[in-house]
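Engineer: Based on the sequences and whatever the hints tell you, model everything.
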Amino acid sequence: MNIKRKLPSNFRSQDIDYFREQLEINLPPIGVRVTNNYWLLFTSGILFSLFKIEKQSLLYDSRLSDNGGKILLVKRFIKAILKNKIQFLRKHAEFITITNEWSQNYFHWFTEALPKLVVATEKGFKPIVLLPAIYNSAFQFRSLELMNIEYRIFAGEVLIGKRIIIPNRLAPYSAHYNPPVMKRMVELLKLSLAGDANKGNKIYVSRRQAAKRRIKNEETVIEVLKAFGFYILETEDLSLDEQISIMHHADIFVSAHGAGLTNMIFCKEGTKIFELCLKNKILDKCYFNLANAMDLHYYYQFCESADSTDDYHTSDLVVDIQELKLNLFKLTNAHD
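Everything in the sequence shown is counted per the numbering used here, starting at 143 for the first residue and increasing by one.
Just to be clear, a hint being listed does not mean it is correct.
Claimed, not checked - Only pairs whose alpha carbons sit at most 27 Å apart, straight line, appear in this in silico DSSO-like list of lysine-lysine:
#: 1; residue 1: Lys-410; residue 2: Lys-332
#: 2; residue 1: Lys-341; residue 2: Lys-304
#: 3; residue 1: Lys-467; residue 2: Lys-421
#: 4; residue 1: Lys-148; residue 2: Lys-325
Simulated from the structure, these hints should not be mistaken for lab results.
Structural biologist: Dropping the structure here:
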């Protein structure tokens, strides 16, 4: 599948280098395979079967070699044996692995793990999801419940079993998406929601409770947002059902680069997404790509780093307030 993406709604020609490489990508065909051989499943989501690594369980094909190769897995396996952290799966059922080394995170769970599950169910499987014990967040359990999917938690560092369903990765690497699969996943999640939370049509999600990538001058930012009629949220205080419902009612959704922006997937088609992000060419455009996949209108504002590191993983942001006001005026008056 060839994916072509639209430039941001407030795109400036001088910013083309930040988006150029994201404008087109070829996605692999979707697919599911079943192996009846014995396998080892590590807590990182890496699957080992028939003396080889199942590439579909990696973040991308060369990921393992980038991190030490098979020797690293052998060491982990030996350590697990010595620590008595091996668990055997004896029950015969339709088990599936959907996790990878990053999918414990909110963003990667909804954009990489759950979409694999959707593909398997669309192929007619009714699988039980295998989850390492480190997957203990309410959003993980609730999302599986909303999709009417069973799960089994294993406590060891390595799980050994026979027969497992292996879905293909839906993109060559992280931060790229299969639009039809993503939309189908959201449809399934919305079917069984509890309640109908509604905080209005203009939503700002704060990262003040996050450990990194916060907004240094957020108090001033919030004053401006409130003047434009925005409701201020902290998603850490909300259930998954509430987050889905609130975002479904939003027409404009603003936040800094971070996992909270993942909630754009629950917005209606045509919703305006405004990302505050570091002016750094290395920073991946995962939310620009995600907005395109969900047919949303993407806006952006580059911000300066609050420290000298300019590290897109950790640096807090300083938002230019005058530029923010101009962008909010465009957002609230534009007819995309």
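Engineer: Which numbered hints does this structure break?
Structural biologist: Those not satisfied come down to hint 2.
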